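Going by my numbering, the sequence shown opens with residue 81, and the numbers climb by one from there.
Treat the hints with care, since some could be wrong.
To be verified - Distance windows between CB atoms, simulated:
id, residue 1, residue 2, range
1, V607, A162, 42 to 48 Å
2, G227, L579, 28 to 34 Å
3, T438, V487, 25 to 31 Å
4, V583, T288, 18 to 24 Å
5, K708, V583, 28 to 34 Å
As the list claims (entries may be wrong) - Pairs of lysine-lysine residues, derived as DSSO-like cross-links and limited to a Cα-Cα distance of at most 30 Å, are as follows:
id, residue 1, residue 2
6, K603, K464
7, K625, K247
8, K603, K523
9, K312, K523
10, K169, K464
11, K614, K523
12, K533, K247
13, K523, K533
14, K533, K183
15, K525, K614
16, K525, K247
17, K614, K603
18, K708, K614
19, K625, K708
20, K533, K173
21, K614, K625
22, K533, K464
23, K464, K247
24, K603, K625
25, K183, K173
26, K525, K603
Hints listed in this document are in silico derivations from the structure and should not be mistaken for laboratory results.
Keep in mind it's a predicted model, so treat the numbers as computed, not measured.
Note that CB positions come from ideal geometry on N, CA and C, so glycine has one too.
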Amino acid sequence: MANLVCILINAFKASFGNETKVLFINTKLWGLMVMELKPSIICAALFLALVSGCKQNLFLAEADYEHYKNLMPANLENDPAAVIAPITKSMSKPPTVNEPERKPRYISLAESVSIAIEQGTVGFQNPLFPGIGQDTLVSFTGRGAGGSDSIRVFALEPAIIGNEIEKSLSKFDAVWTSSVNWNNTDRPIGTALDNFVTSSGGLNSIETLDSSLNSTILKPLPTGGVAGITFKTDYQFTNLPAFVNPNYRPTLQFQFEQPLLQGYGVEINQLRSSHPGSITTPGVLGGQPAAEGILVTRIRFDQQRAEFERSLNYQVLNVEYAYWNLYGSYWTLFAREQALRQGYEAWRISKARLDAGTITLADLAQTRGQYELFRGQRLEALDKVLENERQVRALLGMPAEDSTRLVPSDAPTLSRFEPDWDSALDETLTLRPELFIARQEVKTKQMDLILAKNTLMPDLRFLSTYDSNSIGSTLDGAGSTNALKNLAENRFNNWSLGLRMNVPIGFRSQHANVRNARLELSKSYEVLQDQELKAGRFLSQSYRKVFTTYEQIRVQRAQREAFAEQLRIRFQEFLAGKGAGNRTRDTVDILLEAQRFWADSLANEYAAIVQYNISLANFEFAKGTILK
């Protein structure tokens with residue numbers, strides 16, 4: 081503190097040059113003068129110097145941003161041409177049903193989830209349409225571009241909201257304001273009063289050189305008050321007769337203000353978006369207020385983290401859906417290819433029999449039509465494989481084509497799972513991030529109501545100042561003309577105490593704000609209740625699906641086994657050329673029907689297996705435990 085004042089004084093003295101005939105004061109001299117001050121003033125000065133010099137911790141240090149800096153160009157902040165050219169690499173030609181073959185890349189579900197969390201996208205956040213990536217691009221929102229579902233974009237949102245905590249805390253940061261002013265007056269004597277002031281007729285004008293140095297440190301207090309130190313030195317040099325000329329009038333002032341009703345207390349000032357400010361020194365404090373108070377801002381940060389967790393839940397759910405859909409589409413393709421082979425074998429035998437004259441051309445056309453039906457179904461299944469692979473690549477943040485074919489390597493779960501309903505419901509109501517967001521919203525509305533009620537009290541403030549002042553013709557030296565030495569002796573003191581109250585008559589606006597806060601609190605409570613009921617209903621659906629899909633596996637497997645036995649028998653009859661009543665046409669009809677039934681049952685069995693594994697993922701999502 082002493083060094084700071086010395087710097088200000090030296091700068092002030094240096095601005096006058098030889099005219100003021102002053103010398104620089106060293107730090108040692110100032111320290112000796114401070115030691116002569118009263119102990120109470122010294123304690124107050126030390127306390128204010130400490131609180132004004134404290135530095136708040138940053139929400140994130142520079143090292144925390146290194147990870148994101150490594151993902152961006154080195155000079156992105158200063159290079160306006162960095163994004164003129166496309167920043168993505170070129171992609172290979174995508175596969176088609178005519179050219180589907182590529183080198184297989186076997187990938188597990190755990191690896192898929194890991195890649196997605198690192199660089200992927202969230203996809204559609206709708207439990208009714210899971211496993212689908214978003215193909216829509218960003219749009220202009222009026223204040224910028226928005227609409228990306230990249231997990232890296234979502235990961236930055238909590239940090240952005242977290243910075244608001246620092247902004248809210250900044251209202252308690254100390255403020256240092258300083259000013260230096262010079263004023264020169266050269267006014268001719270033209271009145272009797274001027275002639276009287278000069279005390280003689282020898283002067284033709286009144287010449288005055290005034291200067292002022294003012295330096296103030298104000299510290300907003302957590303209780304809503306303000307503590308401050310002001311060092312001020314006024315200088316005047318005039319040609320008028322004066323007792324001290326030139327004269328320095330240094331002043332060291334301490335001030336303290338404190339709201340007593342409205343705005344009093346630590347809690348209310350953590351809820352307010354801005355500090356009550358200072359009446360003694362207006363216009364210095366209160367800069368740009370934060371959107372919300374410190375406590376609410378911290379809740380917003382917690383809500384944003386929960387929102388990020390919600391996005392992660394949807395991402396993992398979508399990845400599991402897409403993974404098992406890709407797995408199922410491969411088995412559907414396998415079933416269609418097996419049916420195609422069966423159809424081709426039937427057509428080949430029928431063609432040989434037509435050439436032998438044992439069947440008609442219509443019988444051959446019937447087997448050919450079935451074969452072409454299976455060809456079309458195989459093409460649809462192959463296209464579905466390519467589309468499901470594209471969805472997996474989209475959710476994993478991979479390019480549309482990299483010369484490899486993604487093949488799921490994990491086997492699906494086939495064992496029975498019987499969840500406990502009561503524990504599942506408890507986990508849902510406790511762990512779902514959506515419910516956490518709703519509960520925190522109720523808490524913010526409670527705080528808003530506390531803040532609104534506080535405005536119903538009058539704005540009563542306690543004001544006080546205490547200063548030590550002196551006068552002298554110089555700022556250095558050991559004599560009585562040293563103004564700073566006289567200041568250190570603390571012989572002249574001014575003080576003031578006061579109360580100031582501002583009361584709006586009727587408090588109409590304040591009462592309206594309280595009513596609105598109560599309505600918002602009731603609204604948030606109803607929203608929470610509605611969300612808990614919805615979460616319970618969705619859990620009940622997911623709970624039921626676990627049992628339904630497992631039973632479907634058993635039914636579809638039994639159906640496939642039955643149709644496989646039927647196909648085996650009908651094919652033997654077809655080879656023997658015997659049907660009901662030894663009619664060959666009946667044999668062809670029954671064989672073609674058996675082929676269709678068997679192919680569909682094989683595809684349906686693995687579709688049921690896929691749906692069972694998807695229902696398990698959906699049940700974990702409904703509980704809020706899919707990340708565990």
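Cross-check of the supplied hints:
1. V607 with A162: 42 to 48 Å: Between V607 and A162, where Cβ atoms are some 43 Å apart, the hint holds.
2. G227 with L579: 28 to 34 Å: violated (55 Å)
3. T438 with V487: 25 to 31 Å: Taking Cβ atoms as reference, T438 and V487 lie about 45 Å apart, which means the hint is violated.
4. V583 with T288: 18 to 24 Å: violated (44 Å)
5. K708 with V583: 28 to 34 Å: violated (56 Å)
6. K603 with K464: Violated, because 46 Å separates the two Cα atoms, which is more than 30 Å.
7. K625 with K247: With a Cα-Cα distance of about 48 Å, the restraint between K625 and K247 is violated, given a limit of 30 Å.
8. K603 with K523: holds (12 Å)
9. K312 with K523: violated (47 Å)
10. K169 with K464: This hinted pair holds, its Cα atoms lying about 26 Å apart.
11. K614 with K523: holds (21 Å)
12. K533 with K247: holds (25 Å)
13. K523 with K533: holds (16 Å)
14. K533 with K183: violated (69 Å)
15. K525 with K614: Within the cut-off at roughly 22 Å; holds.
16. K525 with K247: The given pair, whose Cα atoms are some 21 Å apart, holds under the 30 Å limit.
17. K614 with K603: Answer holds: K614 to K603 is near 16 Å, not above 30 Å.
18. K708 with K614: The hint holds at about 22 Å.
19. K625 with K708: Holds - the C-alpha atoms of K708 and K625 are around 21 Å apart, at most 30 Å.
20. K533 with K173: violated (65 Å)
21. K614 with K625: Holds: K614 and K625 sit about 17 Å apart, inside 30 Å.
22. K533 with K464: Status violated; Cα separation ~61 Å.
23. K464 with K247: violated (51 Å)
24. K603 with K625: This hinted pair is violated, its Cα atoms lying about 33 Å apart.
25. K183 with K173: holds (14 Å)
26. K525 with K603: holds (9 Å)
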